[in-house]
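Those protein sequences? They're chains A and B, same order as listed. The first sequence maps to residues 1 to 380 in the working numbering. The second sequence maps to residues 381 to 602 in the working numbering.
Please note that a few of the clues may not be correct.
[As the list claims (entries may be wrong)] Now the stretches of chain A that chain B is said to cover, found in silico as 3 or more residues with beta-carbon under 8 Å:
no. : stretch
1   : 9-19
2   : 26-38
3   : 67-80
4   : 184-195
5   : 236-244
6   : 261-272
7   : 278-284
[As the list claims (entries may be wrong)] To give a feel for the contact side, a few chain A residues facing chain B, derived at Cβ under 7 Å:
no. : residue
8   : A2
9   : Q46
10  : M108
11  : R110
12  : V255
13  : L275
Because the hints were derived from the structure by calculation, they are not lab data. The model shown is predicted, which means the values in this text are computed figures rather than measured ones. The beta-carbon is built from N, C-alpha and C at its ideal position, and this holds for glycine as well.
Next come the chains, spelled out residue by residue.
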Amino acid sequence: MAFTHLHELIRMANERGVSIAQLMLDVESEQTGRSKEEILERMARQFDVMEEAVRRGTREPVMTRSGITGGDGHRLFAHLMGGGTLVHPDTLRATAYALAVSEVNAGMGRIVATPTAGSAGILPGVLVAALDSGRYRREDLVMALLTAAALGLVIANSASISGAAGGCQAEVGSATAMAAGALVELAGGTPEQVGHAVGLALKNSLGLVCDPVGGLVEIPCIVRNGLHAITAMTAADMALAGVRSVIPPDEVIAVMHEIGKDMPVSLRETGIGGLAGTPTGRALRHKVFGERAARRNAGAGRPGEQGRSGEQGRAGEQGRAGEYGRSGQPGRPGEQGRSGEYGWPPEQVRAVAPCRENGEDAVAGDVGGGRGGVERGDRT
Amino acid sequence: MKYQSAFDIIGPVMVGPSSSHTAGAVRIGNIVRQVLGEAPRRVRFELAGSFAETYRGHGTDLALLAGVLGLPTDSEDIPNAEQVAAGCGLAYEFAKVNLGLVHPNTVLVTAAGASRETRVLASSIGGGKVEVQELDGLPLKFSGERPTLILYHEDRKGFLATVSRILDGSGYNIARLALERRMRGGEAVTVCEVDEPVQDELVSALRASIPVLHDIRLVYVE
Numbered sequence: 001m002a003f004t005h006l007h008e009l010i011r012m013a014n015e016r017g018v019s020i021a022q023l024m025l026d027v028e029s030e031q032t033g034r035s036k037e038e039i040l041e042r043m044a045r046q047f048d049v050m051e052e053a054v055r056r057g058t059r060e061p062v063m064t065r066s067g068i069t070g071g072d073g074h075r076l077f078a079h080l081m082g083g084g085t086l087v088h089p090d091t092l093r094a095t096a097y098a099l100a101v102s103e104v105n106a107g108m109g110r111i112v113a114t115p116t117a118g119s120a121g122i123l124p125g126v127l128v129a130a131l132d133s134g135r136y137r138r139e140d141l142v143m144a145l146l147t148a149a150a151l152g153l154v155i156a157n158s159a160s161i162s163g164a165a166g167g168c169q170a171e172v173g174s175a176t177a178m179a180a181g182a183l184v185e186l187a188g189g190t191p192e193q194v195g196h197a198v199g200l201a202l203k204n205s206l207g208l209v210c211d212p213v214g215g216l217v218e219i220p221c222i223v224r225n226g227l228h229a230i231t232a233m234t235a236a237d238m239a240l241a242g243v244r245s246v247i248p249p250d251e252v253i254a255v256m257h258e259i260g261k262d263m264p265v266s267l268r269e270t271g272i273g274g275l276a277g278t279p280t281g282r283a284l285r286h287k288v289f290g291e292r293a294a295r296r297n298a299g300a301g302r303p304g305e306q307g308r309s310g311e312q313g314r315a316g317e318q319g320r321a322g323e324y325g326r327s328g329q330p331g332r333p334g335e336q337g338r339s340g341e342y343g344w345p346p347e348q349v350r351a352v353a354p355c356r357e358n359g360e361d362a363v364a365g366d367v368g369g370g371r372g373g374v375e376r377g378d379r380t
Numbered sequence: 381m382k383y384q385s386a387f388d389i390i391g392p393v394m395v396g397p398s399s400s401h402t403a404g405a406v407r408i409g410n411i412v413r414q415v416l417g418e419a420p421r422r423v424r425f426e427l428a429g430s431f432a433e434t435y436r437g438h439g440t441d442l443a444l445l446a447g448v449l450g451l452p453t454d455s456e457d458i459p460n461a462e463q464v465a466a467g468c469g470l471a472y473e474f475a476k477v478n479l480g481l482v483h484p485n486t487v488l489v490t491a492a493g494a495s496r497e498t499r500v501l502a503s504s505i506g507g508g509k510v511e512v513q514e515l516d517g518l519p520l521k522f523s524g525e526r527p528t529l530i531l532y533h534e535d536r537k538g539f540l541a542t543v544s545r546i547l548d549g550s551g552y553n554i555a556r557l558a559l560e561r562r563m564r565g566g567e568a569v570t571v572c573e574v575d576e577p578v579q580d581e582l583v584s585a586l587r588a589s590i591p592v593l594h595d596i597r598l599v600y601v602e
């Protein structure tokens, strides 16, 4: 069984008389044959990784690999600890935490994709802030992750969680909706209220484009994670107060998918349009990737130009967007031997194991209960 | 459905910065290595769509390379994949190509080891999940999330019946199955996903019982 609609999820939870988190746990156990204890233990480890990233990014400034962003999680955390903030410090904490995790991610540090790495700050942001509030036990937060998982499954199966396919709304929007719903259940809300929180949070994210500067998961991804953590908390409180999503949450999810399909390809994780295409965005790309990349871009069509057209599929017409079409034209010449293209210095090599001949290193380990057969591509 | 497990959404644990462009790319590389069945010596990555546009920013190149080197998605050596590759004597190249109507995050990987070569077309479909679209030019789809047997054989009457009898007799349940052949009676490949971890005895039994079965690979990635 796979979750595809919120109304079904809510009905099943109500029929069984359980929370959405408990339903997720039951179904995961039924589907994978793993015990509930085993699943909870593994989910608790995911939470630990999330918390480690939060602590790391607030304790010290974490700079990203490109050097164009970083240190903001630490900066905001120090600010709120100093007092006198406009937003209540306990709330602002969620933003600081979300920024911190996103910076750890951009620095190629260890995080948990929730549901993706680009949106990995929001859920740990709100949940670790909830832990620090002292009102919830760690076990409650692990259950909240299961609520979020069930909501994420619905969105992933009926819409998309890929920025390349559906824009930022599919990543940050989905994460915000998952976090809002998870908070509602954490605070004792009903499955219906969870649904409305998802609808409210996702509505506020519709249309959000994926326009990362230089194709890096930094600008605007980090800031969006930070600010959307507060959106999630507020949407949760609204739902708990009885505010309803007049457009049914399932319809909001469906239209998010529709909007994503209508987005021009330049605004779907290509690093071409939007903020990536601004003069400063282009200058930063140039700064990070150097002259060579800039020349290549100039030769292949000026960035930002084809961004406006949005005619995905009509190959050959616009520079780079045409690559997704069905033209059959040869691609641009390959770029070989790209060593040294990175603007950052090489680091120490530690692993030598990859040189082993195969057999001993088969990754045939524990697969985490993923039984999902992939029936169709997520084509756009 | 594409996503069934709670850990598809709350996971994977990975090094950043992108689940589809980094973690998914590592998984694709892992699959290629397992399909090849030996240490790769030469590998060519042809990237399309969003992969092609943003691969350097997301570390997709390092991730693909780390994947064929056998590193897992949460390995802190992924940023150093180029040095690891150099240490292993692995030659590699990246190219941007037009692969036609494919998912925006798609790569065609051609890998060669000491004795074999393979070509895998795979997409990263979001949240770190991946899907192989083609294997050696044949339209065979699999994700590697379940234990997956790849059987290289000749197209012969009764082949599948024999395979399923052996699987059944050994207590395996077939979760998904696909067979493609180049021509009638010619070279064929069967991809069979099972629910249970594959034991060596099964591989031996298949090899011993089916003369037209030339080779077996096991793919299973976290």
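Against the structure, the hints:
1. 9-19: violated (count 0)
2. 26-38: Satisfied; 3 residues make the cut.
3. 67-80: Coverage by chain B is violated for the stretch 67-80 of chain A (0 residues, Cβ < 8 Å).
4. 184-195: violated (count 0)
5. 236-244: violated (count 0)
6. 261-272: holds (count 6)
7. 278-284: Since three or more residues must qualify, the claim that chain B covers the stretch 278-284 of chain A is violated, with 0 doing so at under 8 Å.
8. A2: holds, 3 Å
9. Q46: For Q46 (chain A), the interface hint holds, since the closest Cβ of chain B sits about 5 Å away, which is under 7 Å.
10. M108: holds, 5 Å
11. R110: holds, 6 Å
12. V255: With a minimum Cβ separation of about 18 Å from chain B (threshold 7 Å), the hint on V255 (chain A) is violated.
13. L275: Where the cut-off is 7 Å and the nearest Cβ of chain B is about 13 Å from L275 (chain A), the hint is violated.
Hint violations for this structure: numbers 1, 3, 4, 5, 7, 12, 13, all remaining hints satisfied.
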